[in-house]
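Undergrad: Residues per chain are reported as follows:
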Amino acid sequence: MIKTFKRGGVHPHENKISQNAALEQLLPEGIVRIFISQHIGAPAECIVAKGDKVKVGQLIAKANGFVSVNVHSSVSGTVLGMEDVADYQGIKKPAICIQVEGDEWDENIDRSSEINRDLSKSAEEILAKITEAGLVGLGGATFPTHVKLAVPKGKTAKAIIINGAECEPYLTSDHRVMLEKGEELLIGVQLLKKTVNVDKAYIGIETNKQDAIDNLTKLSANYSGIEIVPLVPKYPQGGEKQLIKSITGLEVPDRALPIETGCIVSNICTTFAVYEAVQKNKPLFENSVTITGKNLKVQKNFIVRVGTPLSQLINAIGGFPENTGKVISGGPMMGRAISNLDAPTLKGSGAVLFITKDEAKRGVKSNCIRCSKCVAACPMGLQPFLLYKLAELNMLEDLKEHAVHACIECGCCLYTCPANLPLVDYIRLGKTRAMKLIVKPK
Amino acid sequence: MDKLIISPSPHVHGEFNTKRLMRDVIIALLPAMLVSFWFFGINAIVVVGVSVISCVVFEYLIQKYLLKTTPTISDLSAVVTGLILSFNLPPNLPVWLVVVGCFIAIGVGKMTFGGLGNNPFNPALVGRVFLLIARPVEMTTWALPSTFSLSFDATTGATPLAIIKEGLKNGQTIEQIKESADYTFNYLDTLFGHIGGSLGEVSALALLIGFVYLLVRKVITWHIPVTIFLSVIIFSGTLFLINPDRFIDPVFHLLTGGMILGAVYMATDYVTSPMTPKGMIIYGAGIGLLTIIIRTFGSYPEGMSFAILFFNALVPLINKYIKPKLFGEIK
Amino acid sequence: MDSIILTTVIMLGVLAATLAVVLFVVAQKFKVIEDARIGETENTLPGANCGGCGYTGCRAFAEALVKADDISNMFCPVGGNATMSKVAEVLGKTVEVKESLVAVVRCSGSCENRPRVNEFDGAVSCSVMAATYSGDTDCSFGCFGKGDCVPVCNFDAISINKETLLPEVDENKCTACGACVKACPKFIIELRKKGIKSRRIYVSCMNKDKGAIARKACKTACIGCAICRKNCEFDAITIENFLAYIDADKCRLCRKCVDVCPQKSIIELNFPPRKPRIETQEIKAAGTVNTEVITN
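As they're listed, the protein sequences go chains A, B and C. Quick note on my numbering: the first sequence kicks off at 1337 and runs consecutively. Quick note on my numbering: the second sequence kicks off at 48 and runs consecutively. Quick note on my numbering: the third sequence kicks off at 3 and runs consecutively.
Since the hints were derived computationally from the structure, they do not count as laboratory data. Quantities reported herein were computed from a predicted structural model and do not represent experimental measurements. Glycine included, each C-beta is placed from N, C-alpha and C at the ideal position. Take the hints with a grain of salt, since some may be wrong.
[Unchecked claim] Restraint-style ranges between C-beta atoms, simulated for each label pair:
no.: 1; chain 1: B; residue 1: F160; chain 2: A; residue 2: K1772; range: 32 to 42 Å
no.: 2; chain 1: A; residue 1: G1699; chain 2: B; residue 2: L108; range: 45 to 55 Å
no.: 3; chain 1: A; residue 1: K1339; chain 2: B; residue 2: L255; range: 42 to 52 Å
no.: 4; chain 1: B; residue 1: L81; chain 2: C; residue 2: K184; range: 20 to 30 Å
[Said to hold, decoys possible] Straight-line alpha carbon distances no greater than 30 Å define the calculated DSSO-like cross-link-like pairs of lysine-lysine that follow:
no.: 5; chain 1: A; residue 1: K1386; chain 2: A; residue 2: K1342
no.: 6; chain 1: B; residue 1: K50; chain 2: A; residue 2: K1342
no.: 7; chain 1: A; residue 1: K1693; chain 2: B; residue 2: K265
no.: 8; chain 1: A; residue 1: K1428; chain 2: C; residue 2: K266
[Claimed, not checked] Counterexamples of contact, computed for chain A against chain B with all Cβ distances above 12 Å:
no.: 9; residue: N1351
no.: 10; residue: I1376
no.: 11; residue: E1520
no.: 12; residue: L1586
no.: 13; residue: E1587
no.: 14; residue: D1590
no.: 15; residue: G1598
no.: 16; residue: T1752
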């Protein structure tokens, strides 16, 4: 039976127009700028100085504390120093700038295309390699992987769940990895299982990627304890809580971590990165990026080095496409609009999406007609229309009472709203305010 | 290069917008409208036309000159109000009363509260009940159906519910009433609309076709209409089983009067119905129960409008206490 | 007839008596004894309930005033010194006289000065915009112009100018309650000393970018050139992160900085129009001539 989660959710047009574009390598030119904070947690500490020569994969910023990750150079060349660089949203953050000179890799990295099937490493060794390689969740949240894999004391993991749902419209990079790097992916799954000491792993894939399901089902015959779970295409199935619900039927308790259900969720690209980090000694300095959009002449799935300027990606598809109204980093449901087209890519940038002018603007806002479509669409069982109003009026106590903390900001409410109310805009604001996450800048 | 557009996520929008929803409701009401044109002729066309036009005009005038806001008549909600109000009126109602009803519906029922989305009561029902209380004679003089005619004269008679009520008052049993001369219908007539009654409520079949359309287009969910029907069947069925001489059977209740029109098109009005499925079920069950109570024990033969208005008033309370279950909620 | 009147009178009389007893008993039972000074203090307060004092309303502030031993740190920005001295009278406590403040908007990035480079299409809210990205101009410090400061003002003192898309403060209405300061996600509104005759000089910019970047983003951006600091005789100007700031306590309102600022980002308010420089010299010259005449 094809599984899914029951409550809420929407199913936007899939528009997976780039799914047949094979992964291609894109090498950066000129200057790359690598942010020292590309993850949730403390920024890494820069350990290179101006004028230093670095190689591909060399550590350039060291993790600063447990919830922090290492950052590696994605190119070989000369360090130009630290500078404040504007990111996709135009917000300036410190980054290490490196002048690209050739493509010389660190000697420890295994660059052969042979698949390393050796699974003899111990859990500690694997975890150490993951920590060393600076892995973060590549599904969008960029949470440090080694922190996620550290099972808290008193809790036991029962299963690993690999998120191959890719429920966001347009995105296809996970799909391509599942097709092209199937075996490496499964070895990555085995490594993850060993790290958290479980026998069972599920790979949840939506049925709109039937070729990926077939490919992995065929390959997984050689690996024990991996089950491929076909899922009904539905957004937000790739959300951690929804995925666990879809596959195991368990609900992550309110205000608790997924480990309460015994499940640890990992993304497809992250799992592939685990394989590369452990078996090939390759730190996370490149990731697959979908470049897609209805007005693009060519659809691409690139493997991009971290810190490559976005403008270079745009050049690689033949220049800035005409009739573009909006550029988005990530998928159309949860991705963030890009205002700075010169910004460098990050570890977590899985897609660059171009939206045409006629689709870019939101509809005209009108009165709430209390149709309750947002309540029906909310996968977390909230009342978006109410939270929206409370957030607009800045009634933080009432927001807390109506469980604004549970909002996963999936955007289903705004997607379905016939009055085009900016529901999730205000709920997101109210959530950060109610949870006192807003910090006054210096 | 033009300026890029920046907005928070999500960057795509679904199929729904207010205008589309309203248009679907209008389409769903079309079969019943055509049936009424067929049976009540030119009278029905005039009432529907005047009602829709005056609702739209009142909304436009009030928004433009009284509230000084941009008129929003293009969202078609005033058209829906006009249609539903006309469906609730006798086909031979004087035109000036229709206009008054529309003024009360839009002016008092909707605009005083802030327009679409803020009215606590279904505007069409406010208009209808106002007319019913203010001009009871005109409002309960029902034209009897005939085949399409262009004549304004119509023979009048009573609705099935009124005949039953009258008969019971005179001490007759249901059996006797059904055999009397006034009672000339069978269930097939009520299905197709060959009975006396308000303009749009006569044909159960036409209204149910619209119901299916609304469900297919996802304009409404099944919760409210189905629970109303179920609660009517259960409650009136119990009464019927207790004493078939005094109480009429559930099928009769379902097919006559404003039951289907009310359950499918008026009780489901977004603005005045609860927000959660659970709340909708409570609301629907309550409306069904209250309708039967009014129909059987009250002095009015029909109780749908009053029941819906009463539960409209309870909706804020239902919304306050019935919340959807939070994902992963710990009991 | 008589009996009807009699019954009515008796009925109403009994009813009235019963209700009176009930009311009396209830009133006694639920009587709340309260410090009378709270009411008195509350009456001296303006009753705006704006929250500018840091309490939820005038009532809460009155309670706090009565409770506190030392009220010199507590201040009602709306009523100002007059109200506070009345409060002090009522409570028999001492208050300090505080200088009255007014809100100033530290951004001059009008549509003309600061071209828009993209278009924001989300909720019309500065806070939502600030959470989304750096803004619709190249200056990531300036005003967003979506008007979060407008509805929070209880005194109708701030409004968005439709042409410049910048907020404007009506200083006659502004009570310096600070609501707009809290509402602004870019922190461009500052409460400054109202000054003698409402005369104020301030740097109307918050841009902390390097000069070249700031200049490119906005015609009136402070580029941190420090010319104003060099010309200030009273040491009132400090420059931090390429941004000048005028200390209102040290400023003597000489207006030299306004004259020298190459970016016109220092603003003077409510000064009389200055006479052109050449004219001034001529008058001086004429004056000398006159004196000479008189002495002669």
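Undergrad: Take a quick look at I1376 (chain A) and tell me if its Cβ sits farther than 12 Å from every Cβ on chain B, holds or violated.
TA: For I1376 (chain A), whose nearest Cβ neighbour in chain B is about 18 Å away, the distance exceeds 12 Å, so it holds.
Undergrad: Run the C-beta distances from N1351 (chain A) to all of chain B and say if the shortest one exceeds 12 Å.
TA: Violated: least Cβ distance 9 Å, not greater than 12 Å.
Undergrad: With 12 Å as the threshold, tell me whether D1590 (chain A) passes as away from chain B on beta-carbon distances.
TA: violated, 5 Å
Undergrad: Do the Cβ positions of F160 (chain B) and K1772 (chain A) conform to the proposed distance bound of 32 to 42 Å?
TA: Holds, since F160 (chain B) and K1772 (chain A) (Cβ atoms, about 36 Å apart) stay within the stated range.
Undergrad: L1586 (chain A) clear of chain B by more than 12 Å, beta carbon to beta carbon?
TA: violated, 9 Å
Undergrad: Could you check that no beta carbon of chain B comes within 12 Å of the beta carbon of G1598 (chain A)?
TA: Holds: least Cβ distance 14 Å, greater than 12 Å.
Undergrad: Decide, holds or violated, for the assertion that all CB atoms of chain B are farther than 12 Å from the CB of T1752 (chain A).
TA: violated, 5 Å
Undergrad: Grab the minimum beta-carbon distance between E1587 (chain A) and chain B and tell me whether it stays above 12 Å.
TA: Since the minimum Cβ distance to chain B is about 4 Å, E1587 (chain A) lies within 12 Å and the statement is violated.
Undergrad: Checking one constraint from the list: CA of K50 (chain B) to CA of K1342 (chain A), max 30 Å. Satisfied?
TA: violated, 41 Å
Undergrad: May I ask you to test the hint 42 to 52 Å on the CB atoms belonging to K1339 (chain A) and L255 (chain B)?
TA: Once the Cβ atoms are compared, 35 Å apart, the range 42 to 52 Å for L255 (chain B) and K1339 (chain A) is violated.
Undergrad: 20 to 30 Å was suggested as the range; check whether the CB atoms of L81 (chain B) and K184 (chain C) agree with it.
TA: Once the Cβ atoms are compared, 60 Å apart, the range 20 to 30 Å for K184 (chain C) and L81 (chain B) is violated.
Undergrad: Taking the Cβ atom of G1699 (chain A) and the Cβ atom of L108 (chain B), is their distance within the range 45 to 55 Å?
TA: Cβ of G1699 (chain A) to Cβ of L108 (chain B): about 26 Å, so the range 45 to 55 Å is violated.
The structure fails hints 2, 3, 4, 5, 6, 9, 12, 13, 14 and 16 (numbered hints given earlier, in ascending order).
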